[in-house]
Amino acid sequence: MSVTALVGRGLVSRASERDGRGGADRVLPVREELLPLLPWQGLRRGATVAVAAEGAPGSSSLLLALIAEAARDGSWCAVAGVAGLGVSAAAELGIDLGRLALVPRPGAEWMTVTAALLDGLEIVAVRPPGPIPPKLAQRLAARAKQRGSVLISYGSWAGADVTLRVTDQTWHGLGSGRGRLRSRELAVTSHGRGSATRHRGVQMWLPAREAVAAERLPHDAAGSPASITARAVTTARAVTTARVVMAPETVERAS
Amino acid sequence: MSDGASVVKGVDTTRVLAVWCPDWPVLAAVIDEGCPPQSPVAVVAAGKVAACSAQARVEGVRRGLRQREAQARCPELIVLHHDPDRDARAFEPVLAAVEQLAPPAAALRPGLCAIAARGPARYFGGERQAAELLVDHVADSSGVECQIGVADGIFAASHAARAGVIVPAGRSAEFLAPLDVAALDRPELVDVLRRLGIRALGAFAALPHVDVFARFGADAALAHRLARGLDPRPLAARAVPPDLTVVTDLEPPAERVDTAAFAARAQAEELHRKLARHGLACTRLVIEAHTENGEELTREWRHDGALSAADIADRVRWQLDGWLSGSTRADRPTAGVARLRLTPEGLVAQGGLQLGLWGDAGRGADRAHRALSRVQGLLGPDAVVTGVASGGRGPAEQVRWVPWGDERRPRRPPEQPWPGKLPAPAPALVCPEPLPAMVYGPDARSVGVNGRHLLTAPLCRVAIDGEPAVEVTSWAGPWPVDERWWAPAEAQRRARFQVCLADGRALLLALVSGRWQVEAVYD
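Taken in order, these protein sequences are the chains called A and B.
First residue of the first sequence: 1, per my numbering; consecutive thereafter.
First residue of the second sequence: 1001, per my numbering; consecutive thereafter.
Treat the hints as calculated values from the structure; they're not laboratory data.
The reader is advised that the hints may include incorrect statements.
Claimed, not checked - Residues from chain A that face chain B, not an exhaustive set, calculated with beta carbons under 7 angstroms:
| hint | residue |
| --- | --- |
| 1 | Ser88 |
| 2 | Val113 |
| 3 | Ala115 |
| 4 | Asp119 |
| 5 | Leu121 |
| 6 | Ser156 |
To be verified - Output of the computed footprint for chain B on chain A, the stretches with three or more beta carbons under 8 angstroms from beta carbons of chain B:
| hint | segment |
| --- | --- |
| 7 | 47-60 |
| 8 | 70-78 |
| 9 | 98-112 |
| 10 | 172-178 |
All of these numbers come straight from a predicted model, not from anything done at the bench.
Every residue, glycine too, gets a C-beta built ideally from N, C-alpha and C.
Chain A on its own, in the form it takes in the complex (with noise of 0.2 angstroms):
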């Protein structure tokens, strides 16, 4: 029997999804939809996951996204760099706070500000403020890891376990001259390495359609219940079948 068959069978496990099952406080939680997108059912604390920002409107959003399930659990936040978060959409998400904590302007010293956040909150969200050689992007990934601590980087991040990217972003609501912003329509991508290998795909709505849906305008109409939850979508690009365990049938053909 090989390696692959055991793992079809639930025998035995790959080190890099070793904590995506078992221990559920290793695993801090995410919102429903974003959870195809991650190969941990959620944050896994140590893993450095990055939300690719330049020329995606959207992502600010999808990083207050990613940490609101965690923060609401209680968990507590650090946004370093991202002068001008908006805190009120932040509290619109359900994060508390008290418990979110802002380094609007961390200046050169971003790397030690970081590494600090890292030994005390659950959750450090940093904006790079340029390209970072790996050896550094490493040490703190490595900080992360060995606090348990989960980093995000607002930007993109050599060697980060999970980058997350929005490829769409469509607002519903506004016409020409009346209505408002009233909820958008995101496409993230998610790639990485180890078990997220594969391309993912996920269409979500922010905010939540049934929250617009009560006040919702006539031509505003076209959003059916449907659409509210998460669609995961496998897109082409599925290289490495052989290496991802998705169902039984694959690993039979690979044995």
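Chain A is already provided as a structure; the job is to place chain B on it using the hints.
Same frame as chain A, but now just chain B:
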């Protein structure tokens, strides 16, 4: 408790004489409206009986009864509306009458006033004589019946006045013991006490003071003092006695953090010892360092709990770390630290700060606190902030930034209605400084808004901060705001727009005195 002991000796209690007029709102209304004195009268506030006369009570009218029900029980009831101003106005002659015989009276509320009993009691030959004289005099000069009570402290005296008794000195606690805990006038605490099976003030007073303080907080401790027949004495911040500052000269001057931190640890312990000797703890700490070359570095540290010796030592070490090992700092000292000075500020009585039992602290709070304080040491206390939801219309006014560790208080109350407030969802990025923008209409001319808040042209293209113009796909506005026009310094007049651009961005634009700017991004 040291204060308890001194009270028993009678050192810090004062005899108080309270004058209480029963059913004052009714009396005031009768005086003011000139109703016949023996008719049943009820004063009604918000549709319910707030007070009623003795005759009405005989007919079955009670406090809290609905007006209609009261009228059903007593058809000839005279219903008057409650007017706090009238109550206060009508009480003035009573106060004047009391003051003709006694020292200046303190009105506690309309219908109840208190005076120091010592003077009148000695002058008229006893508390009872003074009380009788006062009752007669008030009745003669203002035509109002009143009751008088004498006891230790205002709280006991006002309850003694209701009973019309004179409580001997030092026996207020005994007098208060059988009263219901509702007398404390703290609904939340009373509710908890009732559920704990504590119904009388005596039972509450029997609890150990320290435990009441630890479990229910400072206000309950105050209530506990009342229940024990003592005067409330709130905690007050007091001025720093001059000798609390701790100064250490380092010889040789410390170039490295660990050397300086070692000295600082002993210093922190000394400071803490000094404070403890005075029964104080500090909430703010000023750290000063003088270098050999005469540079002076100062930074103030704040903390929402009292700082312990270890806390003080940590802060000094972090601060020295920030000063001495910050490689890129422009203000890095050029020489070693020769002198360290710690000054405690914001002093409170030790034990006067009680952290929540569960609640806000929560899991990992200590760790988070340490980490954030460390960052404050690196960058300065204002560099780490939390947002507090505040009242306001624009995205920038809806949040107040509070340095970490400071009290989280909104600038303006957020729960009040803010008509014209920006609708939810809120923008995820609020520009700290609004970005300049250009907005063009169909004919490539800039768009404006006239005095009647009408657009000169529909919005077609937007160029942000010198970038190339982007097509507008949809937009809404103008939403005019004309705020605080009565205060010229804070006044602002603007028209807001929501705009969706062809590249997927959504913006909050504002037109302020003819200039377009990007206020926030729905990112």
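The hints, checked one at a time:
Look at A/Ser88: its Cβ gets to within about 4 angstroms of chain B, closer than 7 angstroms, so that hint holds up. With a cut of 7 angstroms, the hint placing A/Val113 at the interface with chain B holds, because the nearest CB-to-CB distance is about 5 angstroms. Checking A/Ala115 against chain B: minimum C-beta separation of about 10 angstroms lies over 7 angstroms; hint violated. Hint status for A/Asp119 relative to chain B: holds, with the closest Cβ pair at about 5 angstroms, below 7 angstroms.
Satisfaction of the interface hint for A/Leu121 is found here, the shortest Cβ-Cβ separation to chain B being roughly 5 angstroms, below the 7 angstroms cut-off. Nearest Cβ of chain B to the Cβ of A/Ser156: about 17 angstroms, over the 7 angstroms cut. The hint is violated. Only residues whose C-beta sits within less than 8 angstroms of a C-beta in chain B count toward coverage, and the segment 47-60 of chain A has 4 of them, enough to reach three; the restraint holds. Only residues whose beta carbon comes within less than 8 angstroms of a beta carbon in chain B count, and the segment 70-78 of chain A has 4; three or more means the coverage holds.
Restraint check on the segment 98-112 of chain A versus chain B: 13 residues with Cβ-Cβ distances below 8 angstroms, three needed, restraint holds. With 5 residues having a Cβ less than 8 angstroms from any Cβ of chain B, the segment 172-178 of chain A passes the three-residue criterion, so the hint holds.
Hint violations for this structure: numbers 3 and 6, all remaining hints satisfied.
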